[in-house]
Amino acid sequence: MGLKITRGSYAKPGTSLAFDTGSWRIQRPEHRHTAAPCHAACPAGEDAQAWLALVEEQRFREAWETIVAVNPLPAITGRVCHHPCETACNRGDYDTPIAIHHVERFLGDMALQEGWDYPLAPVLDTAPEIAVVGAGPAGCSAAWHLRRRGFRVQLLEATPEAGGLLRSAIPPYRLPALVAEQEIGRLMQTGIRLMTGQRLGRDFSLDELRDGFAGVFLGIGTQQGREWSIDSATPSDLYVGLALLKRWMDVGAIPTWSSVAIVGAGNTAIDLARVLKHAGVPEVHIISHKAIPGPDVPAADAMPAIGREIEQGLEEGVIIHEHRGVQRLILRGEQVLGVELVHMKKLSDASGRLKRVAFEGTESILHVDQVIPAIGQVVDPEGVHTLLDNRAYFQVDEWGQFPERPWLFTGGDARGDRGTVSEAIGDGRRAAMAIEHFVHSASDSPQDNPGEPIGVDQLNLNYYEPGPRPAVAVLEVSGRDGYAEVEGGLERRQAVAEGERCFSCGDCLTCDNCWTLCPDMAVLKTREPTTDGSYYVFDYGYCKGCGLCANECPCGYIVMRDEV
Amino acid sequence: MKQALEGSQAIARAVSLCRPQVVSAYPITPQTHIVENLSRLVADGVLDCELVSVESEFSAASVALGAVAAGSRAYTASSSQGILLMSEVLFNISGLRIPLVMTCANRALAAPLSIWNDQQDSMAVRDAGWIQLYCADNQEAVDMTIQAYRIAERCELPVMVCVDGFTLTHTLEVLDLPDQQLVDAFLPAFHFDRKLDPANPISVGTLVSPEFFTEARYDHHQALLQSAEIIEQTRREWQDMTGRDTGGLLGVAGDADARVGVLVLGSITGTLQEAMEASTDTEPACLITLRAFRPFPEQALRDACSGLERLIVLERALSPGAGGIVGSEVRAALSSLDRPPRVFNFSVGLGGRDVPLETWSRALAAVAGNAGAGFDMLDLEPSRLPQEAL
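Protein chains in written order, with the numbering used here: chain A, 1 to 564; chain B, 1001 to 1390.
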């Protein structure tokens, strides 16, 4: 044998360093970035986790640049978005979700205040040129992302200014006119060539665009109110919801009836109801097939309007009739005297399909002197009827590409399956990616899938401390005049605190847990970020694969992978 | 130079003279004054060392272990429950052959709770593999603390210097503190061969398989047995330098021809010596003071007791259900003599009960009839017992 015990039984490095404990391993820890739920839920495609991490470090400009690489209008979306990111936020299962939209708005406002320029390389005169029709959210986003990808962009807008609904239909108490003007104005300074007063079908045709440009994006929205009548009857002085809202935005005046019924459950219905209320209409009713959103209301049965706006409308005295439909118009001549309402609910029929059913005997009369349908908009067929083929919306793939017209793309409201600013911005970005692929005849297909988001069960919540979601100032109901912004913004320290509160789901928090807790000292810390962006590497020569690091990683950034 | 110092202060000054580089401790009565005084010496710039305030005795011992493993001379002190909380680390320190010195300010163990002196705490860790030295007075506490570093570092074994709580730690005594030059000459700078060094890495505290465990234990046991000679050698060297005969394995005083001996540990030595010297009406007896309990000085004990007919062992601890701890060991050690003395074993002074001068005559009277050589509590007051025990 010859082996002897040492005094005090110490061991030479023969066992601690040259002993290759890594050979015992049957599972290996690996760093794996997984999309945070906020990222997967964002219709625009923003990775809020990534920019919240920068906000935590007070690297505000980099945070803003991270946003605008995806969404060029954070000061706007930070105000108008319905923020499904916050509904998805894993922190909601712990205390309260991160106030993502408030932080986005904080960054957008800071960028406007500081006059930060969009990070861009100059565009070449020889670069292919793309036409973008319509300067609403979808068109602006497509133009921006095409510009970022090095294309020359011609943006054609029918009205006298860029912005679309952002400037013509979203009331200033939600989005102050100055913010919209500054944000969109600055975007138009990035080398995008804007031509206003150019209407498709009147001033130019699709064929001309096809011949004159390398690719075309149609962000024309839905400019025509959906037809509405009750048993073929309509009042003679029929106003369409969105048109009325636009008129108020345009001229600042609106008829003040004594009692109004708005038919619809979307954002236009709510916005119009609140504008009427602010203008002094004593009774504003919303007739909704669906329910007011609440914790017990399934998403499919809830009004599609933004919950916060519904809530504020109710605060202001708007009366919502849930699960009601208009059964009959009560007219004197062609003048509205009232409406007959009936309970309606979706029930499954014999084949299991959901069908809206009116309950006989539940009729009631509501005396109003105007009925305004706000039941949705459809694409104005002028100039695009060949594409519509008698349908209300365009039929395209997920990238917005038209079948048999590979040079033509669309996105936003004109698709029919969208309805928010953020979705339009996401469509514009995806279409720009697809256009780049088309123009360069790339063989692979573009990729834009953050993947299955990380669940709260994959985090180790023991390492997080409870913390309050910041409160922002909200205008008293008595102070809401239709113009003054209802919600205030975050202070700098509040924004940083939200960055700190973020769980960093699926991404390294640089907390040192793995480094501190590894019993084999097989996690090494680096001075510079490693190739995966973290500051740690595994020393697989000594890692026994115990999984402690993976268990104790707060963010689910370390996963154990079988090696056998 | 002679000076009057509180025991704790004297011990702190003695520790300081040994130039420890790391002191870590957690306060507990009656040890607190020792560390307080050390802390003052550090604050005053007299002692240059790393003073580590820790959150428990477990940490205090662990920090001291680590400090010595890293090559520093270190010190800690505790008492009673603190010793128990340290006990896991105490076994590690000795098994790793870490030459640490600590003071145990002896105090009773709870329950029932007592802050007063007996020696149950150090006796509870007698098997921890440490050298245990018991001091009769504060001069011994000073001298044996300095000797302890020399013994520890020569044997690569930890030394626990036991001083009776309050009786020694909180009592003023005229004593002689050696000067720094003398201590420096007696105690060379600490050099630890096995120190942790990133340039020359070793693993300390690794797993030892059954193939080697017995050998590790044997080696440790032998080291303790051999330390007996080092303890005696150190005593002689100290005497050469200071002229004071303190330390060593055991001491004998009184009538060399006596047929009766009384064996004690710690501070009651002085009380009994005075009683012995003043006594005129008791039979002649000698007083044996056990200074080293580990290593157990079997041979020295046999030599000291060879002519005795009766030996009274007085101790301030017990093993409930068995009896005396020291007494049992003494009885076993003497059993190999041709004519071993009859051993009478008593506990005295548990939980701080005063041990008066009369203890001497009382003990001798108790064994005069040569009857009942088991274990008894000499100062028991039957009238205070609970009803059911009567």
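No lab work stands behind these hints: they were computed from the structure.
Mixed in with the good hints there might be a few duds.
Under the rule of at most 27 Å between Cα atoms (straight-line distance), these lysine-lysine pairs were calculated in the DSS-like manner [said to hold, decoys possible]: (1) A:Lys12 with B:Lys1195; (2) A:Lys355 with A:Lys345; (3) A:Lys4 with B:Lys1002.
Only part of the chain B face toward chain A is listed, based on derived beta-carbon distances under 10 Å [to be verified]: (4) Arg1194; (5) Ile1202; (6) Tyr1218; (7) Ala1256; (8) Asp1257.
Computed Cβ-Cβ distance ranges for the label pairs, DEER-style [unchecked claim]: (9) A:Asn462 with B:Gly1321: 24 to 30 Å; (10) A:Glu500 with B:Asp1044: 43 to 49 Å; (11) A:Thr510 with B:Glu1215: 43 to 49 Å.
No residue lacks a Cβ here, since even glycine has one placed at the ideal position from N, Cα and C.
Each hint, compared with the structure:
no.	hint	in the structure
1	A:Lys12 with B:Lys1195	12 Å, holds
2	A:Lys355 with A:Lys345	8 Å, holds
3	A:Lys4 with B:Lys1002	51 Å, violated
4	Arg1194	6 Å, holds
5	Ile1202	5 Å, holds
6	Tyr1218	9 Å, holds
7	Ala1256	41 Å, violated
8	Asp1257	45 Å, violated
9	A:Asn462 with B:Gly1321: 24 to 30 Å	45 Å, violated
10	A:Glu500 with B:Asp1044: 43 to 49 Å	44 Å, holds
11	A:Thr510 with B:Glu1215: 43 to 49 Å	47 Å, holds
Checked against the numbered hints above, the structure violates hints 3, 7, 8, 9; every other hint is satisfied.
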